[in-house]
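Go ahead and model the full structure; you've got the sequences and the hints to work with.
The opening residue of the sequence shown carries number 1 in UniProt numbering; numbering runs sequentially from there.
Honestly, the hints are just simulated from the structure, not real lab data.
Please read these numbers as outputs of a predicted model, since none were measured by experiment.
Treat the hints loosely; a few may be bogus.
Distance condition first, Cα-Cα at most 25 Å in a straight line; then the derived DSS-like pairs of lysine-lysine [what the hints assert, rightly or not]:
1. Lys96 <-> Lys82
2. Lys38 <-> Lys68
3. Lys56 <-> Lys38
Listed next, with one range per pair, are the computed distances between beta-carbon atoms [said to hold, decoys possible]:
4. Asn64 <-> Ala23: 26 to 34 Å
5. Thr20 <-> Tyr65: 26 to 34 Å
6. Asn62 <-> Asn97: 39 to 47 Å
7. Glu33 <-> Glu113: 28 to 36 Å
Ideal Cβ positions, reconstructed from N, Cα and C, are used throughout, including at glycine.
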Amino acid sequence: MPDNSMELIGNSRFKEAVNTQFARLLIENHCPENLLKKYFIQDYFFVLEDIKVLNKLIDISNDNYAEKFRRFKHIVENDEIKFFTDFFVKNNINSKNIELSTCTKEYINFMDEVINSNDFVLILSMLLAGEWIYLETFSNKNSQNDYINTWEKL
Numbered sequence: 001m002p003d004n005s006m007e008l009i010g011n012s013r014f015k016e017a018v019n020t021q022f023a024r025l026l027i028e029n030h031c032p033e034n035l036l037k038k039y040f041i042q043d044y045f046f047v048l049e050d051i052k053v054l055n056k057l058i059d060i061s062n063d064n065y066a067e068k069f070r071r072f073k074h075i076v077e078n079d080e081i082k083f084f085t086d087f088f089v090k091n092n093i094n095s096k097n098i099e100l101s102t103c104t105k106e107y108i109n110f111m112d113e114v115i116n117s118n119d120f121v122l123i124l125s126m127l128l129a130g131e132w133i134y135l136e137t138f139s140n141k142n143s144q145n146d147y148i149n150t151w152e153k154l
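As structure tokens, then:
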């Protein structure tokens, strides 16, 4: 279990999770629609995990930071969850019947380990690293893909 953010970033499991062909395609805005759909199905569970991360950060933060994390959590719980709800309805997907991929299960387990560390810097580092890919992917790309376009607005 990593005990600081530099160890997290150097962790081979972490590197494997973010250095994939899919991540590259997503960042370059070249991800095929069928792959995006599979991604969003799994990503829903990462968003649920992010809520757990934010809850932990709220719990262990001083009041000033806790309020910022509460605002971010509010966006996640409202806008992002609504995105997934709409996505599931549009694609006739029952979220209760989704099977997690091995990669998703392993990364969620990794996130849980970090959450359980109670190490503010480590937990925040994990959240920021995870959010970076979204900022890099969806900032000002003006995608022609409806799903990506919606994410850009979030």
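Okay, the hints, checked on the actual structure:
no., hint, verdict
1, Lys96 <-> Lys82, "16 Å, holds"
2, Lys38 <-> Lys68, "31 Å, violated"
3, Lys56 <-> Lys38, "28 Å, violated"
4, Asn64 <-> Ala23: 26 to 34 Å, "33 Å, holds"
5, Thr20 <-> Tyr65: 26 to 34 Å, "31 Å, holds"
6, Asn62 <-> Asn97: 39 to 47 Å, "41 Å, holds"
7, Glu33 <-> Glu113: 28 to 36 Å, "34 Å, holds"
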